[in-house]
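Asks: Each chain is listed here by its residues.
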Amino acid sequence: MAIINLDDLLPGMCVAEAVKVQGRVIVGANVALTEKTIHLFKAWGVTEVNVKDDSIVEKEEPAKSIPPNVLADIERNIKTEFKFFDTKDEISVEIIRIACKRRIDAWSKETE
Amino acid sequence: MISADITKRIEETINNIDDLPTLPTIYSQLNENINDPKASARRISAIIEEDQALTAKIFKVINSAFYSFPQKISSISHAVVLLGFNEIKHIALAVSVIDLFGDSVSGRRFNHMAFWSHSLAVAVCSRIIAKKAGPMLFKDPEEVFAAGLMHDIGKIVEDQFMHNDFVKVLVAAGKDGSLIKDAENKILQFDHQDTGKFLARKWKLPESFLQVISLHNSPEKCSKENKNFPLVSAVHVADVIVRSLKIGYGGDEYVPPLHRDSWDVLGFSKGYIEVLMQETEKAFDEVSIVLTRDGK
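So the sequence lines, in the order shown, correspond to chains A and B. Numbers given in my numbering equal positions in the first sequence, counted from 1, plus 23. Numbers given in my numbering equal positions in the second sequence, counted from 1, plus 892.
None of these hints come from the bench; they were simulated from the model. Keep in mind the model is a prediction, meaning the values are calculated, not measured. Just so you know, not all the hints are guaranteed correct.
Unchecked claim - Derived lysine-lysine pairs resembling DSSO-like cross-links, with alpha carbons at most 27 Å apart:
{"#": "1", "chain 1": "A", "residue 1": "LYS111", "chain 2": "B", "residue 2": "LYS1162"}
{"#": "2", "chain 1": "A", "residue 1": "LYS111", "chain 2": "B", "residue 2": "LYS1113"}
{"#": "3", "chain 1": "B", "residue 1": "LYS1162", "chain 2": "A", "residue 2": "LYS75"}
{"#": "4", "chain 1": "B", "residue 1": "LYS1138", "chain 2": "A", "residue 2": "LYS132"}
{"#": "5", "chain 1": "A", "residue 1": "LYS106", "chain 2": "B", "residue 2": "LYS1060"}
{"#": "6", "chain 1": "B", "residue 1": "LYS1094", "chain 2": "A", "residue 2": "LYS75"}
{"#": "7", "chain 1": "B", "residue 1": "LYS1023", "chain 2": "B", "residue 2": "LYS900"}
{"#": "8", "chain 1": "B", "residue 1": "LYS1023", "chain 2": "B", "residue 2": "LYS1138"}
{"#": "9", "chain 1": "A", "residue 1": "LYS111", "chain 2": "B", "residue 2": "LYS1138"}
{"#": "10", "chain 1": "B", "residue 1": "LYS1138", "chain 2": "B", "residue 2": "LYS1119"}
{"#": "11", "chain 1": "A", "residue 1": "LYS102", "chain 2": "B", "residue 2": "LYS1162"}
{"#": "12", "chain 1": "B", "residue 1": "LYS1094", "chain 2": "B", "residue 2": "LYS1024"}
{"#": "13", "chain 1": "B", "residue 1": "LYS1024", "chain 2": "B", "residue 2": "LYS1174"}
{"#": "14", "chain 1": "A", "residue 1": "LYS43", "chain 2": "B", "residue 2": "LYS1024"}
{"#": "15", "chain 1": "A", "residue 1": "LYS75", "chain 2": "B", "residue 2": "LYS1078"}
{"#": "16", "chain 1": "B", "residue 1": "LYS1174", "chain 2": "A", "residue 2": "LYS132"}
{"#": "17", "chain 1": "B", "residue 1": "LYS1060", "chain 2": "A", "residue 2": "LYS102"}
{"#": "18", "chain 1": "B", "residue 1": "LYS1174", "chain 2": "A", "residue 2": "LYS102"}
{"#": "19", "chain 1": "A", "residue 1": "LYS106", "chain 2": "B", "residue 2": "LYS1078"}
{"#": "20", "chain 1": "B", "residue 1": "LYS1067", "chain 2": "A", "residue 2": "LYS102"}
{"#": "21", "chain 1": "B", "residue 1": "LYS1138", "chain 2": "A", "residue 2": "LYS102"}
{"#": "22", "chain 1": "A", "residue 1": "LYS102", "chain 2": "B", "residue 2": "LYS1078"}
{"#": "23", "chain 1": "B", "residue 1": "LYS1138", "chain 2": "A", "residue 2": "LYS124"}
{"#": "24", "chain 1": "B", "residue 1": "LYS1031", "chain 2": "A", "residue 2": "LYS124"}
{"#": "25", "chain 1": "A", "residue 1": "LYS106", "chain 2": "B", "residue 2": "LYS1162"}
{"#": "26", "chain 1": "B", "residue 1": "LYS1023", "chain 2": "A", "residue 2": "LYS75"}
{"#": "27", "chain 1": "B", "residue 1": "LYS1138", "chain 2": "B", "residue 2": "LYS1060"}
{"#": "28", "chain 1": "A", "residue 1": "LYS106", "chain 2": "B", "residue 2": "LYS1113"}
{"#": "29", "chain 1": "B", "residue 1": "LYS1031", "chain 2": "B", "residue 2": "LYS1060"}
{"#": "30", "chain 1": "B", "residue 1": "LYS1119", "chain 2": "B", "residue 2": "LYS964"}
{"#": "31", "chain 1": "A", "residue 1": "LYS132", "chain 2": "B", "residue 2": "LYS1162"}
{"#": "32", "chain 1": "B", "residue 1": "LYS1174", "chain 2": "A", "residue 2": "LYS124"}
{"#": "33", "chain 1": "B", "residue 1": "LYS1094", "chain 2": "B", "residue 2": "LYS1119"}
{"#": "34", "chain 1": "A", "residue 1": "LYS106", "chain 2": "B", "residue 2": "LYS1067"}
{"#": "35", "chain 1": "B", "residue 1": "LYS1116", "chain 2": "A", "residue 2": "LYS111"}
{"#": "36", "chain 1": "A", "residue 1": "LYS124", "chain 2": "B", "residue 2": "LYS1024"}
{"#": "37", "chain 1": "B", "residue 1": "LYS1138", "chain 2": "A", "residue 2": "LYS106"}
{"#": "38", "chain 1": "A", "residue 1": "LYS75", "chain 2": "B", "residue 2": "LYS1174"}
{"#": "39", "chain 1": "B", "residue 1": "LYS1023", "chain 2": "A", "residue 2": "LYS43"}
Required output: the full structure, derived from the provided sequences and hints.
Replies: Dropping the structure here:
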């Protein structure tokens, strides 16, 4: 479970704990959010919601073009650092994917 | 499995180090008193308060954003009641170990400050894992924190007391592109998990710590039925996550392979990896301010 700010909620995320306002449940646990429910939260003054980890989706940032040579450097470094990883294991592959994504994000931030 | 000869060699090396730091007596005093069925919060608080420097550091830690208690804690007895006997003992142990080995030695090939950043980040990540996995697996998140902090203690022993051999290890790891553990085994015929275990034994640390220190890079050697397997696994996974985040320095440039059973025993979903990385970075920033030498 993770507490997500209202501004970062996206349709499809799944509510982990019932959202209550003044003691009344306005959206129950295990319900997938829609544009309408997020709008409802705004109207009720809900500021954050506990959502299931598996359902967290990131807001798509407008893709910033990363120069091919920078991308190649990042990929080469990742390949070296993770050379002992089992690339047939899905958790290991996910760790590599996130590490790679974070390096690209960090590069984008640095060059902003 | 290391041979009897090597075991003897490590033992002799550790025993012959005259200035090997010893844990403050406060740790054994706390241990004895906590195991006493008549232990009281007042008695435990009094033992800690005898060491004013330690007390001040404990306040800094527990009042940091990392612990996020709703109000400021200004007495040790309050902390003991809020956290529990064992939890406060493990915080005292963590603070003491950083004090013992935390001095940064400049000009060394093995950067101590970066090493402690790595150890602290593993401690922080291990504690996050323990809190997330819950009390069925981890009764005391502070034990997990202290074990994470000490997992690589053997490296600092090797750098301080077998310095020339350790430099050869670092050079070989860089040249061969190998994990430090493999370079150690090639050159020394033992690795930091072995030296760390001897130190932990000398310090009379509990079996759970010995197993984390001696198995965090090889959790497959720990039976899944072993009651300490979740603890060893938490620190192993934390080590992998922290290396992936590139926080600090552990002696080589590679992320150690993830042991899948260690991930599975924690019961986390794939989607939690990114959250764990984000929480670790945030918590590391919060705690490193108060727990490193600079934050004293």
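Asks: Each hint: holds or not?
Replies: Hints and how they fare:
1. Proposed proximity of A/LYS111 and B/LYS1162 is supported: the alpha carbons are some 15 Å apart, at most 27 Å.
2. With a C-alpha separation of about 21 Å, the suggested pair A/LYS111 and B/LYS1113 falls inside the 27 Å cut-off, and the hint holds.
3. Among the hinted pairs, B/LYS1162 with A/LYS75 is consistent with the structure: their alpha-carbon atoms are about 12 Å apart, no more than 27 Å.
4. The hinted pair formed by B/LYS1138 and A/LYS132 meets the criterion: a straight-line CA distance of about 17 Å does not exceed 27 Å.
5. At most 27 Å may separate the alpha-carbon atoms for a hinted pair to count; A/LYS106 and B/LYS1060 meet this at roughly 22 Å.
6. Restraint check: the Cα-Cα separation between B/LYS1094 and A/LYS75 comes to about 45 Å, which exceeds 27 Å; the hinted pair is violated.
7. The straight-line distance between the Cα atoms of B/LYS1023 and B/LYS900 is roughly 39 Å, outside the 27 Å bound, and the hint therefore fails.
8. Note on B/LYS1023 and B/LYS1138: the hinted pairing holds, with a Cα-Cα distance of about 23 Å set against a maximum of 27 Å.
9. Restraint check for A/LYS111 and B/LYS1138: satisfied, since their Cα atoms lie roughly 23 Å apart, inside the 27 Å limit.
10. Proposed proximity of B/LYS1138 and B/LYS1119 is contradicted: the alpha carbons are some 30 Å apart, above 27 Å.
11. Between A/LYS102 and B/LYS1162 the alpha-carbon distance is near 21 Å, which keeps this suggested pair within the 27 Å criterion.
12. Taken as a hint, the B/LYS1094 and B/LYS1024 pair is broken in the structure, with Cα atoms around 32 Å apart against an allowance of 27 Å.
13. Between B/LYS1024 and B/LYS1174 the alpha-carbon distance is near 16 Å, which keeps this suggested pair within the 27 Å criterion.
14. Proximity of A/LYS43 to B/LYS1024 is assessed by CA-CA distance (about 23 Å); at most 27 Å being required, the pair is judged to hold.
15. Taking the CA atoms of A/LYS75 and B/LYS1078, the gap is about 46 Å. The hint is violated against a cut of 27 Å.
16. At most 27 Å may separate the alpha-carbon atoms for a hinted pair to count; B/LYS1174 and A/LYS132 meet this at roughly 17 Å.
17. A C-alpha spacing of about 26 Å is found between B/LYS1060 and A/LYS102, which places the hinted pair at or below 27 Å, so the restraint holds.
18. Taking the CA atoms of B/LYS1174 and A/LYS102, the gap is about 26 Å. The hint holds against a cut of 27 Å.
19. Note on A/LYS106 and B/LYS1078: the hinted pairing holds, with a Cα-Cα distance of about 19 Å set against a maximum of 27 Å.
20. Among the hinted pairs, B/LYS1067 with A/LYS102 is consistent with the structure: their alpha-carbon atoms are about 17 Å apart, no more than 27 Å.
21. With a CA separation close to 14 Å, the supplied pair B/LYS1138 and A/LYS102 stays within the 27 Å bound.
22. Annotation: proposed proximity of A/LYS102 to B/LYS1078 holds, straight-line Cα distance about 24 Å (limit 27 Å).
23. Distance restraint check for B/LYS1138 and A/LYS124: the Cα-Cα separation of roughly 14 Å lies within the 27 Å cut-off, and the hinted pair is therefore satisfied.
24. The straight-line distance between the Cα atoms of B/LYS1031 and A/LYS124 is roughly 34 Å, outside the 27 Å bound, and the hint therefore fails.
25. A distance of roughly 21 Å separates the Cα atoms of A/LYS106 and B/LYS1162; the hinted pair therefore holds under the 27 Å criterion.
26. For the hint linking B/LYS1023 to A/LYS75, the alpha-carbon distance of about 16 Å falls within 27 Å, and the restraint holds.
27. Of the supplied pair hints, the one linking B/LYS1138 and B/LYS1060 holds, its CA atoms being roughly 23 Å apart against a limit of 27 Å.
28. Restraint check: the Cα-Cα separation between A/LYS106 and B/LYS1113 comes to about 22 Å, which is no more than 27 Å; the hinted pair holds.
29. With a C-alpha separation of about 41 Å, the suggested pairing of B/LYS1031 with B/LYS1060 is violated against the 27 Å cut-off.
30. About 36 Å separates the Cα atoms of B/LYS1119 and B/LYS964, which puts this hinted pair outside 27 Å; it is violated.
31. Between the alpha carbons of A/LYS132 and B/LYS1162 the distance comes to roughly 26 Å, so the proposed pair stays at or under 27 Å and holds.
32. Between B/LYS1174 and A/LYS124, the direct Cα distance comes to roughly 18 Å. Compliance with the 27 Å bound is thereby established for this hinted pair.
33. With a C-alpha separation of about 22 Å, the suggested pair B/LYS1094 and B/LYS1119 falls inside the 27 Å cut-off, and the hint holds.
34. Taking the CA atoms of A/LYS106 and B/LYS1067, the gap is about 15 Å. The hint holds against a cut of 27 Å.
35. Annotation: proposed proximity of B/LYS1116 to A/LYS111 holds, straight-line Cα distance about 22 Å (limit 27 Å).
36. The suggested pairing of A/LYS124 with B/LYS1024 holds, with an alpha-carbon distance near 24 Å, which does not exceed 27 Å.
37. Of the supplied pair hints, the one linking B/LYS1138 and A/LYS106 holds, its CA atoms being roughly 15 Å apart against a limit of 27 Å.
38. For the proposed pair A/LYS75 and B/LYS1174, the alpha carbon gap of about 20 Å is at most 27 Å, so the pair holds.
39. At roughly 25 Å between alpha-carbon atoms, B/LYS1023 and A/LYS43 fall within 27 Å of each other, so this suggested pair holds.
Consistency with the previously given hints fails for numbers 6, 7, 10, 12, 15, 24, 29, 30, ordered from lowest to highest.
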